[in-house]
Amino acid sequence: MEHFLYFFTFQDSSIAFIVIGITLLGIGSAYVGTFSFLDKKALLGDAISHAVLPGICLGFLFAEEKNPIYIVGGAFIAGAMATFLSSWLNENTKLSEDTIIASILSIFFGFGIVLLTVIQKTGNPEMAGLNQFIFGNAIGILEEDLWVYGGLAVLIILTLTVFMKEFSLMVFNAEFGKAIGYPMGRIRLLFNVLMILSVIIGIQAIGVVLMAALLITPGAAARFWTDKLSVLLVLAGAFAVISGITGTYISYVIPQMPTGPWVVVSLSLLALISFLFAPKRGMLYRYFARKNYLRKTQNEHILKSIFKAMEEGKSGLTIEEIYQLYPEQKKQSLKSIKSLSKSNHLVINQNIIYLSSTGLTEAKRVVRLHRLWESYLNEYMNIAPDHVHESAEKLEHLLTPELEALLESRLNYPKLDPHQENIPRDHD
Amino acid sequence: MIKQVDNPILEIHDLTVSYEQSPVLWNVDLSLPAGKLIGILGPNGAGKSTLIKAIMGLVDHSSGYVKIFDKNLSEVRSRISYVPQRESVDWNFPTSVLDVVTMGTYGKLGIFRRPGKNEKSLALASLEKVGMSAFAKRQISELSGGQQQRVFIARALAQEADLYLMDEPFAGVDMATENAIFELLQEMAKAGKTVIVVHHDIHSAMKYFDWMIMLNLHLVASGPKDDVVTEELLRKTYGGKLNLLTKVSEIIRRKDFNPLKN
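These protein sequence lines are chains R and Y, in that order. Quick note: to get this note's numbering, add 691 to the position in the first sequence (first position is 1). Quick note: to get this note's numbering, add 137 to the position in the second sequence (first position is 1).
Everything labelled a hint here was simulated from the structure, so no lab data went into it. Please note that a few of the clues may not be correct.
[As the list claims (entries may be wrong)] Here chain R is said to cover these stretches of chain Y; the calculated rule only asks that three of the stretch's residues, wherever they fall, bring their Cβ under 8 Å from a Cβ of chain R:
#1 196–209
#2 238–244
#3 248–260
[To be verified] Incomplete in silico selection of chain Y near chain R, CB under 8 Å:
#4 Met-193
#5 Phe-230
#6 Pro-231
#7 Ser-270
#8 Lys-274
#9 Ser-281
#10 Gln-284
It should be emphasised that the depicted structure is a prediction, and the values quoted were computed from it without experimental measurement. All residues carry an ideal CB built from backbone N, CA and C; glycine is no exception.
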């Protein structure tokens, strides 16, 4: 708790600096990453983030110290080479895109590890910090480095905001952009530059291995919550910032703890929450939507079976008779009967279940839809009368009032269905 | 039967287009009059879409040239509107109907500048013309196939062009919508616009087009509907691919270099 207060009240100005840096970095990379996620180019970000490692090492070898300018420069050149190489190979060979990405990622990263080992052998005392580039350490970032990374993050955010319209066009319909005379090739190039830069700004805080997660996961998680691009970007930014700060805090509390893995852990948690609980797309929502639908289906089946019993001259059904009709769904049938009698669709008197007047109207509607659909299948799609029941059994729960009206007028308000059964209407 | 016209709005001179170096369109040479509703017809794989993409400069020419309004494409781009195939984009992209239609104004707007009030109202007016105003605020992922197509046509209308090139705008569209769109296109032609449409249903083509281009890897016919829709030309267009032409394409494809490039 002491740590927590000390960290989040920003009494230490270097902590405040790091938090600002992580915030900018999170927004920048989530912003770029969301576009590349929508563009279905998520893997390219992964390849770039691994591919910058040899560039970092070469930058270090040239400067002989952890100079941010050399390191950013080296990383940028390596990232640009990887990006260029992957699109060149894509255009000029018959290799598939995933093969190209996987090869580039492993070749560049392997070369980077070789260089890292070479540097370790030189015994340069500055070298200690270099390992941090693999898994990241936000707390270890110096103030002068923060200016470079923060400045680049601001540049990325501004460029993306200015060219929002062009980048959206690139992702949604690049061919149309080309047709109206936009330089789509150069817009794509600019986007790739931003992508490489957004990887670079994260290498010290998050690390090359896990930077791809900060690019892609925020957008992918935010996509569960919204269909609007503006909301998507804001939400993705927020997810990235929350997990960035969480990771930094843990690195602060536990010495020697790398930041990257904790950023990824908290991002994954946010993604899992989105996956489970987001409205409409989340698993939970879809589970309940399905359950509700099944409940409605069984309710309608019970109303329908009592109506059919009435057609045969009975006045109602006992609960045992209903169980016999749906032997597989005894529990659900009992629940349905309870809720239907609560909503005044059913009346229960001396163990016999009757339809109330609202229940009768509803039952007629379901039977009517069932029989109208059977008539439609028979008449318009030439399906034999003994083949139409299965489909109608499902469609009776789905057809909307508009479709009902359309069916009625197409079939010219028929009296009988293909099985010569009466099609019930409210006024009869 | 290839009818050339004076003062053509579009002139295609000896155009050959190749994909991965094997030709998919051979030596197309035609000229088209202004103010007409023009259909491009032919079987699957005949090169209909390729012809439109070549006119728009979206695929490279192996040889030949295209002149529009007697000028090069880059000089007259703002007067041309292009409707790509509906399937060519991801309709799950998180954006609204109005935003997609507003893209039609991007050409005149240029890079950097953002669409403002004028652009929005132009987009809304275009949506109105295709009967989709009620959907302006909807997300595009909620649209049916026919509605997506109408959104694309509205985007083309928002370009306020003189020449319209539409790639299969009736794919996946119901009968009523098809008729409504055709009537809209006829009105545009009456107002002096030229509308070129890739289409494959010969029956509705006969009903609506003024002029027809018939393709089957090469140009079979181009001329007023009544002159070109003959039994012989239809047989040439739809009666299977030219065996020899396909075999030559295959030989070229297997070469390590492009023998057609100068």
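Quick check: the segment 196–209 of chain Y, covered by chain R? Criterion 3+ residues, Cβ under 8 Å. violated (count 0)
Evaluation of the interface hint that places Gln-284 of chain Y against chain R, nearest CB under 8 Å: At 16 Å from the nearest chain R Cβ, Gln-284 of chain Y fails the 8 Å test, so the hint is violated.
Given Phe-230 of chain Y as an interface hint, is its Cβ closer than 8 Å to any Cβ of chain R? This hint holds: Phe-230 of chain Y lies near chain R, its Cβ roughly 5 Å from the closest one there, short of 8 Å.
Less than 8 Å between beta-carbons is the criterion; does Met-193 of chain Y satisfy it with respect to chain R? 5 Å, holds
Taking beta carbons only, do three or more residues of the segment 248–260 of chain Y come closer than 8 Å to chain R? holds (count 4)
Mind checking the CB of Pro-231 of chain Y against every CB in chain R and telling me if the closest is under 8 Å? 5 Å, holds
Given hint Ser-270 of chain Y near chain R, where the shortest CB pair must fall under 8 Å: 20 Å, violated
Quick check on the hint: Ser-281 of chain Y CB to chain R CB, less than 8 Å? Cβ of Ser-281 of chain Y sits 14 Å from chain R, so the hint is violated.
Three or more residues of the segment 238–244 of chain Y near chain R by CB distance under 8 Å? With 3 residues in contact (Cβ-Cβ under 8 Å with chain R), the coverage given for the segment 238–244 of chain Y holds.
Can the hint on Lys-274 of chain Y be confirmed by a CB-to-CB distance to chain R that is less than 8 Å? For Lys-274 of chain Y, the interface hint is violated, since the closest Cβ of chain R sits about 10 Å away, which is over 8 Å.
When each numbered hint is compared with the structure, violations occur for hints 1, 7, 8, 9, 10.
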